[in-house]
Amino acid sequence: MNWRRFWAVFVCRNREFLRDRSTLTWNLLFPVSLIAGFAFAFSGSGLDLYKVGVLGNTNHWQGSAFFSTRYIHFIPVTDRSIALSKVERHQLDMLIDPTGRRYWINDEAPKGYVLEQMLRGVDATTTPIFSKQTVSGRGIRYVDWVMPGVLAMNMMFGCLFGVGYVIVRYRKNGMLKRLKATPLTPLEFLAAQVTSRLWLTLATTIVVFAGTDQFIVFPMHGSYLDLFVVFATGAISLISLGLIVAARTTSEELAAGLLNLLSWPMTFLSGVWFSLEGVHPFLQQCAQLVPLTHIIDAARAIMMDGAGLGDISGHLLALMVMSLGFMAAGAWLFRWE
Amino acid sequence: MTALLETCRLVKHFHGVQAVDGIDLAIPPGCCFGLLGPNGAGKTTTVEMLEGIQKPTSGTVRYRGEPLGPRFRQDIGIMFQSTALQDHVTGRENLWMFGNFYPRALPVAELVETCALGEFLDRDTRKLSGGQRQRLLLAIALVNDPELLFLDEPTTGLDPQARRNFWELIHRIKARGKTVLLTTHYMEEAYHLCDEIAIMDHGRIIAQGTPRALLAAHFDDVVLQLPLADFPNPIPLSSHTVIQGRDTVEILTRDVNTAIEELLARNISLARLQIRPRTLEDLFLELTGRELRS
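If you read the sequences in order, they're chains A and B.
One rule links them: number in my numbering = place in the first sequence (from 1) + 1.
Just so we're aligned: 199 in my numbering is position 215 of the second sequence, and the numbers increase by one with no gaps anywhere.
What the hints contain is simulated information worked out from the structure, not anything from laboratory work.
We treat Cβ as the ideally placed atom computed from N, Cα and C, and that holds for glycine.
Any given hint could be a false lead.
Claimed, not checked - Simulated restraints, written as ranges between beta carbons of each label pair:
hint : chain 1 : residue 1 : chain 2 : residue 2 : range
1    : B       : L269      : A       : E253      : 54 to 60 angstroms
2    : A       : P187      : B       : L269      : 42 to 48 angstroms
3    : A       : L262      : B       : G102      : 45 to 51 angstroms
Stated by the list, open to error - Once the Cα atoms are required to be at most 16 angstroms apart in a straight line, the calculated EDC-like pairs of lysine to aspartate or glutamate come out as:
hint : chain 1 : residue 1 : chain 2 : residue 2
4    : B       : K111      : A       : E338
5    : A       : K173      : A       : D21
6    : A       : K112      : A       : E17
7    : A       : K178      : A       : D21
8    : A       : K173      : B       : D71
9    : B       : K39       : B       : E(-10)
10   : A       : K112      : A       : D80
11   : B       : K111      : A       : D108
12   : B       : K39       : A       : D21
13   : B       : K162      : B       : D59
14   : A       : K181      : B       : E246
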């Protein structure tokens, strides 16, 4: 390893990224706007989880506790046939006619079934079997829960495309062929690309985190250093995964397809937007095979539960093993042309 | 004289196609060697094997009598026909990066002077004209003060001024005793720059020598050229070859006086007659044919 050659590639790659204003702006603005959007969307009375169409005069709604239930959006409707077609198409979960004391649901809609049970249960006069207990402590907002996922997802796109796509572009436009004709070795070139992307990713993640925290104020029960370790280890594993795609691909279109093939299932399986509790156990096991899951679970554990490095050592170990495996495969497969 | 770079029975197969078929070359130090050939002749594959970019299927390439190794990488400079440079990086920064790849690099000021980069050295490489870009790529190829310089169609796409300017740069490099291997489609360029040329076709070298020696060996005639409009009925002239082009008629003759007498006898105006010696382009077409290659 010749550190002078490594440094030359590293510096020029940094210059290329930092001077590309549009890419830099996008890397910073995208996650900030996403988090801000979630904060705004979920800052009111909360997300209406169910949509119920109500036929007729709103005065007839009075007197039923069902109409005071939170998280149900009651939508006045006048045309029964149109409303029924919306129930059929899952645009409404239930249609209710308070005057006629009737309701309609789609038998294929799980939400309709739940609403039906609520409608019958809320108005029941029997003594409750269960007594209500309250969870103590500060509640976790949805934006608090989703933020580590958004940061990790942004990191994933930056790492995969920032390394995978860029190297393929270099190969396609002849840059790699030119570098091959110099004493620069593949190890020096790849190490410079990985290191450059790593620090740029971590720097943008810190800026995004600090920037959004100013106006959203995330809970942080653990250590910032531990969170940094998680993101750094995660970024290395994602960059290494990008190297595999970049190793031999010569077409930018194919590279984009492969990177999307990796990133979108990973986004779904890692639980960025919703918990995978209750999904098929096979999918839950698959989720353990992708780095994003470990990054998000470890970051959430640190931020929300105050977990230390010992508590998340399983996630860190998984990320390190993946990094080594991906890096070895990427280096082994790599060709200049 | 010991060859700086030599090949022995160099062969390259690609999926059943024999791109290069047993090439033997010996390039002496300080020589400007031109490799010419029509599209698909195998010259790019040959040059890439000489550069160490591609591995031969069989045969050897030796630099200073040794197989290509780390020293070869440090001693050569390459200017590919089309090389992308990093976006958002200036010419000076590119020179800095490539200079750091080598144990010894020429001072930037020297490269700037040699390749006339002064006016655009600190400009983003995306904003360079074709000629400026080629000069920068030449400077990058020279950054390690190479003993052997590969120039792959360096003036393709340049306007005549930029091309002449580039020739001047190559003359300066030659004057410093550097060895140059040049591929080009411009025969005039090869004639002006090269001390020795090899013409390739179908993966083999079909002619090799100095341009003058090759012309002398293949031709003992001159070309009389007339506009086609002045030559309405191209009747074959006795003992002369007549080639009718789209706009001109060329008469190949060893005896100019007789040919002119025959033209006058047929009342053909000689007002626009041009007489020229045979050129490398004539030789190239004679050896490789006139049909269009893909």
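A quick look at each hint next to the structure:
no., hint, result
1, B:L269 to A:E253: 54 to 60 angstroms, "violated, 39 angstroms"
2, A:P187 to B:L269: 42 to 48 angstroms, "holds, 43 angstroms"
3, A:L262 to B:G102: 45 to 51 angstroms, "holds, 48 angstroms"
4, B:K111 to A:E338, "violated, 26 angstroms"
5, A:K173 to A:D21, "violated, 20 angstroms"
6, A:K112 to A:E17, "violated, 51 angstroms"
7, A:K178 to A:D21, "violated, 23 angstroms"
8, A:K173 to B:D71, "holds, 14 angstroms"
9, B:K39 to B:E(-10), "holds, 15 angstroms"
10, A:K112 to A:D80, "violated, 22 angstroms"
11, B:K111 to A:D108, "violated, 64 angstroms"
12, B:K39 to A:D21, "violated, 37 angstroms"
13, B:K162 to B:D59, "holds, 11 angstroms"
14, A:K181 to B:E246, "violated, 61 angstroms"
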